[in-house]
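Asker: Here is how the chains run, residue by residue.
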Amino acid sequence: MKRFIYELTESWKIAFAQMQSNKTRSMLTALGVIIGIVAVTLMGTAISGIQTGFDKSMSILGDDVLYVSQFPWARVNDWWNYRDRREIKTEYAEPLNRMIAATPNSNLLLAVPTSNISKSVKRGDNQVTGIFVQGTTADYPLISVVDFNEGRFFNEVETRTAANVCLLGYDVADALFPSESPIGKEVQISGQQFRVLGVGARQGSFLGLFSLDSIVIVPLPTFKKFFSAKSESDVRVKVRDKLKLADAKDELTGLMRRVRALPPEKKNDFDINEQQAFKSTLDPVKNSIALAGLFITGLSLFVGAIGIMNITFVSVKERTKEIGTRKALGARRRTILLQFLIESTSICILGGLIGLTFAYAMCFAIATAFPSFPVQFSLGLVLIGMFVSVLTGLVSGFAPAWSASRLDPVTALRYE
Amino acid sequence: MLTTDTIRPRGPIVIDIENITKHYVMGEETVHALRGVTLQIHRNEYLAIMGPSGSGKSTLMNMLGCLDTPSSGRYEFNGKDVSAMNDDELATIRNHEIGFVFQTFNLLPRSTSLRNVELPLIYAGVDAETREERAAESLRAVGLGDRMQHKPNELSGGQRQRVAIARALVNNPSIILADEPTGNLDSKTGEEIMALLENLYQEGNTIILVTHEADIARHARRIVHLRDGLVESDATAEQPEIETLAFT
Numbered sequence: 001m002k003r004f005i006y007e008l009t010e011s012w013k014i015a016f017a018q019m020q021s022n023k024t025r026s027m028l029t030a031l032g033v034i035i036g037i038v039a040v041t042l043m044g045t046a047i048s049g050i051q052t053g054f055d056k057s058m059s060i061l062g063d064d065v066l067y068v069s070q071f072p073w074a075r076v077n078d079w080w081n082y083r084d085r086r087e088i089k090t091e092y093a094e095p096l097n098r099m100i101a102a103t104p105n106s107n108l109l110l111a112v113p114t115s116n117i118s119k120s121v122k123r124g125d126n127q128v129t130g131i132f133v134q135g136t137t138a139d140y141p142l143i144s145v146v147d148f149n150e151g152r153f154f155n156e157v158e159t160r161t162a163a164n165v166c167l168l169g170y171d172v173a174d175a176l177f178p179s180e181s182p183i184g185k186e187v188q189i190s191g192q193q194f195r196v197l198g199v200g201a202r203q204g205s206f207l208g209l210f211s212l213d214s215i216v217i218v219p220l221p222t223f224k225k226f227f228s229a230k231s232e233s234d235v236r237v238k239v240r241d242k243l244k245l246a247d248a249k250d251e252l253t254g255l256m257r258r259v260r261a262l263p264p265e266k267k268n269d270f271d272i273n274e275q276q277a278f279k280s281t282l283d284p285v286k287n288s289i290a291l292a293g294l295f296i297t298g299l300s301l302f303v304g305a306i307g308i309m310n311i312t313f314v315s316v317k318e319r320t321k322e323i324g325t326r327k328a329l330g331a332r333r334r335t336i337l338l339q340f341l342i343e344s345t346s347i348c349i350l351g352g353l354i355g356l357t358f359a360y361a362m363c364f365a366i367a368t369a370f371p372s373f374p375v376q377f378s379l380g381l382v383l384i385g386m387f388v389s390v391l392t393g394l395v396s397g398f399a400p401a402w403s404a405s406r407l408d409p410v411t412a413l414r415y416e
Numbered sequence: 001m002l003t004t005d006t007i008r009p010r011g012p013i014v015i016d017i018e019n020i021t022k023h024y025v026m027g028e029e030t031v032h033a034l035r036g037v038t039l040q041i042h043r044n045e046y047l048a049i050m051g052p053s054g055s056g057k058s059t060l061m062n063m064l065g066c067l068d069t070p071s072s073g074r075y076e077f078n079g080k081d082v083s084a085m086n087d088d089e090l091a092t093i094r095n096h097e098i099g100f101v102f103q104t105f106n107l108l109p110r111s112t113s114l115r116n117v118e119l120p121l122i123y124a125g126v127d128a129e130t131r132e133e134r135a136a137e138s139l140r141a142v143g144l145g146d147r148m149q150h151k152p153n154e155l156s157g158g159q160r161q162r163v164a165i166a167r168a169l170v171n172n173p174s175i176i177l178a179d180e181p182t183g184n185l186d187s188k189t190g191e192e193i194m195a196l197l198e199n200l201y202q203e204g205n206t207i208i209l210v211t212h213e214a215d216i217a218r219h220a221r222r223i224v225h226l227r228d229g230l231v232e233s234d235a236t237a238e239q240p241e242i243e244t245l246a247f248t
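Quick note, the sequences are listed as chains C and V, same order.
Last residue of the first sequence: 416 (my numbering), numbering continuous.
Last residue of the second sequence: 248 (my numbering), numbering continuous.
There may be inaccurate statements among the hints.
[To be verified] Listed next, the stretches of chain C that the computed footprint assigns to chain V, with coverage defined by at least 3 CB atoms under 8 Å from CB atoms of chain V:
| # | stretch |
| --- | --- |
| 1 | 79-86 |
| 2 | 319-327 |
[Stated by the list, open to error] Calculated cross-link-like contacts (lysine to any residue; reagent style SDA-like; alpha-carbon spacing at most 25 Å):
| # | chain 1 | residue 1 | chain 2 | residue 2 |
| --- | --- | --- | --- | --- |
| 3 | C | LYS317 | V | TYR24 |
| 4 | V | LYS151 | C | PHE16 |
| 5 | C | LYS23 | V | TYR24 |
Worth flagging that the hints you see were computed from the coordinates, not collected in a lab.
Heads up, the beta-carbon is just placed ideally off N, CA and C, and yes, glycines get one too.
Take these sequences, add in the hints, and give me the full structure.
Answerer: Okay, here's the thing in structure tokens:
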């Protein structure tokens, strides 16, 4: 054991001496690993960034809210079975809430209807288009997290009287009121004046597809009065316990069948969606992106590993006589094997460290230049990067080190 | 002629070889390098193995140095049967029992004298402090106490061979096996190295010299001539009486 430790220390010293005396060669060889590690780490960063962005988007949907919609969120292959479905009406919320209240130990808490349409919003000469206008009730904050920069949500009275009031998403407020507070000011939607009650906090985008800040929320009766044509509606139902989501879903399905008065032999003509549906659609896509990305970047690391293997073979060849001398002086096979494994590994570790430094700098630069792009450089990534480097060194150094350890001392000593 | 003046009494048997053979298969042909050599070497002998090239001299040296194993025959080193040992067991024997001195010195080019001499001790599992102590002591013994931090390319040929001899000595081996130790040196430096080996012999070391030069072999007390893989002659200087020693 003691001997093994001395041999190990000796091997590290030799490895460093070798790198020092062959600086150019070592750096060129390490370059392969550097490129490989940078590629793999950046890919890993991007993948975990996508994951984080995805999770964040999912949390906006809420993991304790069921969405009663006309169509399923997940992609279906038999769309013809769905096309004749009736629209979801915002009025369903009322009977649903009545039935929830009447059910003892219901798994459901509260149903809130929403209606959506895309409109332009104007204020004076400023206009923003493609804004997601949403109509809902005063109960909306009870089922969804609504953060305000300033102001408040509309109340029961404003809802019932169909008041011309609205809430602006962060981006809308920013575009229309670049230098003043919008609270109490008026904006124009489809020629109607709306008084601004509040401004939402910045939320970012959903899966990078659409901004959650380009939104205007108005009371549902107001919405119906002005925008009901071509709007789409759903009913959102908050569940009591998100661990019993499946039970809640079953209960809600039953309630919806009663609301729609479906006879038992008829299939559901609506869908109950939850964030899980998105996940099951997007996970395979996400995973195959990750797999393809890691495979491609892994190739560059593989090329780097071949470089290491090559240079270690050269090193063994050049130092055949030295190997013979060491064997004559009492080095065992294990000693020689270890020595060359450590040489290849130390080049990889060097490459790994430099590669990680580059990767860190690049992540930092990307994060600074594009704050919205989700990059994450974690300690775990560093550990994985180093682990991969060491593994690369061991794997690529093994064949040459093995051949060195099996050299016949007589032949090796005679080698010129 | 053999020097008889300062011959020392020999000790117990270190190397006991009985009828060893070695053959190599080269393509279609089988080369018989050794055809049955029997030899006993005692502790504190100074022996030279001579012979023209192709005589099996190098092969015998590789056997004696435990770098290679015989095809047949018996080889005992300090009573241990070496002929059946595996690579790692042979490495241990080489490390503990044999000090090699090569014609081409075989020093590690980028290491200092001290580190070169330490090498066998690393493989023997000696701790760093003791290693350095013993390596320094060994270097002083060959007269290189002031060259410890020099690298081989900063030393003359003779000094390099001294470092190699210090390395051979450092683990207190049973035999010192010198293969043409003066082959790469000019004759004056060669003589200095031979004087050093003589000293080591006088201090009680066992020395086996492999050479084809009669002038070098002359320093030994016993000369074994090989020819065509067989021992041709084995001449030992007579054990002198203590009184004769005084007169000569």
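Asker: Decide, hint by hint, whether the structure agrees.
Answerer: So, going through the hints one by one against the coordinates:
1. 79-86: This one is violated; 0 residues, fewer than the three required, reach chain V with a Cβ under 8 Å.
2. 319-327: The restraint on the stretch 319-327 of chain C holds, since 6 of its residues have a Cβ under 8 Å from chain V and three suffice.
3. LYS317/C <-> TYR24/V: At roughly 24 Å apart (the allowed maximum being 25 Å), TYR24/V and LYS317/C satisfy the hint.
4. LYS151/V <-> PHE16/C: 17 Å, holds
5. LYS23/C <-> TYR24/V: This hinted pair is violated, its Cα atoms lying about 42 Å apart.
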